[in-house]
Structures are given as structure tokens and as C-alpha cells.
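Whenever a hint applies, use it, and build me the whole structure from the sequences.
Listed below are the residues making up each chain.
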Amino acid sequence: MIKATGIHKHFNGLHAVKGVDITVQDGEVLCIIGPSGSGKSTLLRCLNMLETPDEGIVEVDGVQVTQENLREMRTKMAMVFQNFNLFSHLSVLENITVAPVHVKGVSKEEAEEKALKLLKLVGLEEKAGVYPRNLSGGQKQRVAIARALAMEPEILLFDEPTSALDPEMVGEVLDVMKDLAEEGMTMVVVTHEMGFAREVADDVIFMADGCIVESGTAQQIFDHPQQERTQNFLKKVL
Amino acid sequence: MNPYLQGIIVALKGAPMTIGVSLFAVAVGALVGLCFALMKKSEKKIVQIIAKIYIEVVRGTPMIVQALIMAYGIPYLLQQSGIAFKWPHLIIPAMIVCGLNSAAYMAEVIRGGIQAVDPGQVEAAQSLGMSKRQINRLIVLPQAFKIVIPSFGNEFVTLIKETSVLSFVGVVEILRSAQLWNASSFETFPAYIGAAIVYLMLTYPLSKGVSALEKRMAKEAE
Ligand SMILES: Nc1ncnc2c1ncn2[C@@H]1O[C@H](COP(=O)(O)OP(=O)(O)OP(=O)(O)O)[C@@H](O)[C@H]1O
Ligand SMILES: [Mg+2]
Chain L
1 MIKATGIHKH FNGLHAVKGV DITVQDGEVL CIIGPSGSGK STLLRCLNML ETPDEGIVEV
61 DGVQVTQENL REMRTKMAMV FQNFNLFSHL SVLENITVAP VHVKGVSKEE AEEKALKLLK
121 LVGLEEKAGV YPRNLSGGQK QRVAIARALA MEPEILLFDE PTSALDPEMV GEVLDVMKDL
181 AEEGMTMVVV THEMGFAREV ADDVIFMADG CIVESGTAQQ IFDHPQQERT QNFLKKVL
Chain C
1 MNPYLQGIIV ALKGAPMTIG VSLFAVAVGA LVGLCFALMK KSEKKIVQII AKIYIEVVRG
61 TPMIVQALIM AYGIPYLLQQ SGIAFKWPHL IIPAMIVCGL NSAAYMAEVI RGGIQAVDPG
121 QVEAAQSLGM SKRQINRLIV LPQAFKIVIP SFGNEFVTLI KETSVLSFVG VVEILRSAQL
181 WNASSFETFP AYIGAAIVYL MLTYPLSKGV SALEKRMAKE AE
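From first to last, the protein sequence lines are chains L and C. Per the working numbering: the first sequence = residues 1 to 238. Per the working numbering: the second sequence = residues 1 to 222.
Check before you lean on any hint, since a few could be wrong.
[Unchecked claim] A partial selection of chain C residues facing chain L, derived with a Cβ cut-off under 7 Å:
(1) Thr-61
(2) Pro-119
(3) Glu-123
(4) Leu-128
(5) Met-130
(6) Gln-134
[To be verified] Distance condition first, Cα-Cα at most 20 Å in a straight line; then the derived DMTMM-like pairs of lysine to aspartate or glutamate:
(7) L:Lys-127 x C:Glu-123
(8) C:Lys-13 x C:Glu-220
(9) C:Lys-132 x L:Glu-51
(10) L:Lys-18 x L:Glu-28
(11) C:Lys-132 x L:Glu-168
(12) L:Lys-76 x C:Glu-123
Source of the hints: derived by calculation from the structure; they are not laboratory data. The beta-carbon is built from N, C-alpha and C at its ideal position, and this holds for glycine as well.
As C-alpha cells, then:
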């Protein structure tokens with residue numbers, strides 16, 4: 001379970017996140033939607049402290065994330081980025097094994113065996129020795145998901161994982177994410193893919209101007225939005 | 001024998017010294033330069049300042065002056081204070097000066113290389129729970145190193161030429177070989193032309209090699 005309470009974040013005078021609370025139970029998928037600049041990424045990045053919140057607390061399984069336990073807590077919530085951020089000087093296999101070996105102290109053999117299983121899971125077992133520059137966008141993102149999974153995290157954080165992809169590659173990444181959701185992975189997903197959110201999310205949050213305007217189950221938000229801003233946003237994107 | 005040919009042969013005898021000192025200086029420069037680059041990134045102000053002063057002093061004074069201080073000034077100073085000190089060989093202060101000189105330049109190059117690494121790489125490493133040291137060692141420095149390899153090559157070429165000032169402190173490298181032969185044979189023009197040709201024989205292929213490497217890396221980066 002991940003829980004954030006009263007999260008505030010300012011960037012030189014800009015109040016990007018204004019006191020947001022979220023809770024995601026184990027095995028649930030939370031999708032965060034909203035217009036550009038509404039603070040979705042900032043909120044997500046506050047969860048693993050890539051942005052340090054000015055106020056508020058984040059808890060994973062009831063344990064508060066602090067500067068002292070930050071590295072350990074980060075291993076419990078792996079992140080998948082919009083621009084993949086695969087390590088460009090490492091092969092696909094090394095991308096997946098580097099953190100388990102150096103952060104968790106797993107042996108190289110064990111990490112590689114696990115990495116090959118994960119590559120199979122995302123359908124890229126034949127790409128183990130390839131470097132990221134020789135992969136398509138969709139393949140890169142699937143490797144990034146495998147890299148995140150290799151830490152055996154309790155929660156996966158996704159920041160618009162398909163926004164940098166050519167349209168024909170969006171499906172292959174969403175399919176992997178759907179499989180993970182079905183297997184009971186806890187996920188927080190910032191996304192513009194409304195179809196995915198409607199199908200996969202347990203809960204949906206609509207954000208605007210750094211605030212949660214409306215939250216509820218996927219049905220509530222997509223079929224019966226209560227707030228005018230939500231209705232207008234959905235009208236535009238659906 | 002043709003005096004020009006002889007000039008080249010004489011200068012060539014100094015080439016191993018020139019290459020050796022230059023290679024050593026590049027290696028020392030890369031290592032010490034890395035330390036200074038990391039010092040400039042340090043969160044401690046005093047560490048930053050030390051690195052900055054070093055770089056300013058070294059870049060703001062001619063290498064020949066530094067070489068004279070190191071080769072003759074320091075032994076003199078030590079002897080004055082009653083310590084019997086003599087460099088066992090003048091190559092040693094020569095190498096130290098070239099290396100430390102190179103380090104000041106390389107520090108800037110390496111810092112630039114570190115800055116050129118995509119911040120997304122660091123964020124990904126952080127999100128996986130890596131420590132600052134691990135991020136530097138496993139992610140940032142290997143990528144920065146790759147970025148600066150051509151600069152290392154260029155620095156080697158520069159050093160081959162700059163080490164000619166060591167002829168003033170008695171290191172028998174290319175230029176000093178030519179000078180010595182000139183003094184005994186009075187073949188002034190062939191002696192110095194021979195030196196120039198030998199310098200070119202070293203620097204031209206090396207520069208071409210570095211450019212080719214740069215081109216290949218630019219292609220890979222696409
Ligand atoms: N590092 C930063 N420095 C300054 N301002 C920032 C920074 N990161 C985000 N912002 C600003 O904070 C606000 C919220 O940005 P954020 O990236 O969280 O929005 P978003 O909802 O993810 O938008 P998008 O859908 O475009 O990704 C924006 O106005 C943005 O310009
Ligand atoms: Mg965003």
C-alpha cells in the first residue's frame with residue numbers, strides 16, 4: 001500500500017502541487033489524468049522523492065519515507081519514465097541486472113537468470129545483448145518495465161509511459177502493463193491513454209492546477225463525472 | 001649522409017622521450033583531473049575552492065615557468081632549508097609538471113563530460129535506489145568518460161607539442177636532441193627542420209585518428 005498525505009510542491013513561486021492526498025491499496029491500479037501542467041508528474045515524482053515535497057508525507061506499507069530510509073524505500077517503488085531513461089552504456093541485460101546486483105546484493109548469475117525471465121515476460125528475450133540505441137521506442141519501454149520489475153518492487157510508478165512512442169507501439173507497452181495489473185501489481189499510472197485508464201484502473205484521479213478536482217472509480221469518473229472541469233476535460237480527450 | 005635525413009634521425013631519437021612523457025602526463029592528467037572535476041562538484045565549498053584555485057593557477061602560468069620551478073626552484077628551496085635534495089632524473093619533475101598541467105585542463109573537460117550526461121540517467125539510477133557513489137561509478141562516469149575520450153586524444157597531441165618546453169630543463173626529447181646536434185654540427189636549419197618533421201609525423205596521424213573516432217562516436221550517438 002502507498003499513501004501520500006498533504007503533498008505540496010513549489011517551483012520558485014509556482015505552486016505545482018497543492019495539498020494532495022492519495023491512497024493505493026495492494027493490487028490496485030490508480031490512474032492520474034488531467035491537462036498538461038496540472039502537476040501529475042510532480043505528484044508522482046514526490047512519491048519516490050525525485051522531487052522533495054515541501055510538505056506532506058509518503059508512506060509505503062505504513063512506513064514513512066524519510067531521507068534516511070529513502071534508498072531502501074525507492075527499491076519498493078520502481079519507476080518507469082516517459083523517455084525510458086535506459087542506461088545508454090549498458091546492454092539490455094546489464095540495464096536490468098545493474099540495480100539488483102549493486103543495490104540489493106543479488107549475485108550476478110541469479111540476477112541474469114531473473115533478467116532473462118523478465119525479458120521473456122515482456123517479449124524481448126532475444127534482445128538481451130543489444131544496446132538501447134538499437135531498440136525501438138516500444139522495445140525500450142518494455143525493457144524499462146523489466147528493469148523496474150527486477151527490483152521486485154511492491155509498487156510500480158509510471159509517468160506517461162506511452163507518450164513518447166509512435167502510435168503503432170503504444171499497444172505493445174499497454175499490453176504488458178495490463179498483464180501486470182491482472183497479476184495484481186500495485187500501480188500508479190499518469191497517463192493520457194483514457195482507454196487504458198477506463199479498462200485497467202480501479203481508481204482514477206482527475207487533477208487540474210495542482211489539485212485533485214475529482215476522484216473515484218473508473219466508472220464514476222468516466223461515465224458519471226460530477227465536476228464540470230472533469231466533464232470538459234473528458235469531452236476534449238475522448 | 002644527407003644532413004636533412006640526419007636531422008630527422010637525430011630528432012627521432014628524442015621521440016620515445018616525448019611520447020613517454022606525454023603518455024604519462026595524459027594518464028596522470030586524466031586521473032588527477034577526474035579528482036578535481038569531482039571536487040568542483042562537491043557540496044563542500046572549501047573543496048570546490050581548492051579545486052578552483054588549482055585550476056586557475058595552473059592555467060594562468062606558462063608551463064615553462066612551472067617546469068623551471070619544479071626542476072630547479074624546489075630543489076634550491078629545499079637545499080636552502082638544509083635538506084639535501086636533487087631530482088634523481090630531470091624526467092621526474094618534467095612528468096609531474098606535464099601531468100599536473102594536463103590535470104587542470106582535463107578537470108574542465110571531464111566536468112563538461114559529466115554535465116553532458118542526460119539527467120534522466122541519474123533519475124533512473126536514483127529511482128532504483130542507487131547511492132550517489134554508485135550513480136557516479138556505475139552510470140555517470142562511464143558515460144562521461146566515453147564523451148571525453150576524443151578530448152583525451154586531443155590533449156595527447158597538444159602535449160606532444162608542449163613537452164618541447166622541457167628541452168629548457170634538460171630533458172632530451174625531440175627538440176633537445178635537435179639542439180644538441182645543432183650545437184655540435186652547426187647544421188642549424190636541418191636540425192630544426194628535422195625536429196619539425198618528427199613532430200608532424202607524430203601529431204598528424206594522431207589528430208586524424210581522433211577526428212575519425214569523433215565521427216564514429218557521433219554516428220553511434222544518433
Ligand atoms: N523542475 C521544475 N522546475 C520548475 N517548474 C517545474 C518543474 N517541474 C515541473 N514544473 C512546473 O510545474 C507544473 C506542473 O508540472 P508537471 O510536470 O507536474 O505537470 P504534468 O501534469 O505532468 O503535465 P504534462 O501532462 O505536460 O506532463 C508545470 O507548470 C511545470 O512547468
Ligand atoms: Mg508530466
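The hints, checked one at a time:
| no. | hint | in the structure |
| --- | --- | --- |
| 1 | Thr-61 | violated, 37 Å |
| 2 | Pro-119 | violated, 9 Å |
| 3 | Glu-123 | holds, 6 Å |
| 4 | Leu-128 | holds, 4 Å |
| 5 | Met-130 | holds, 6 Å |
| 6 | Gln-134 | holds, 6 Å |
| 7 | L:Lys-127 x C:Glu-123 | violated, 24 Å |
| 8 | C:Lys-13 x C:Glu-220 | violated, 39 Å |
| 9 | C:Lys-132 x L:Glu-51 | holds, 16 Å |
| 10 | L:Lys-18 x L:Glu-28 | violated, 24 Å |
| 11 | C:Lys-132 x L:Glu-168 | violated, 38 Å |
| 12 | L:Lys-76 x C:Glu-123 | holds, 16 Å |
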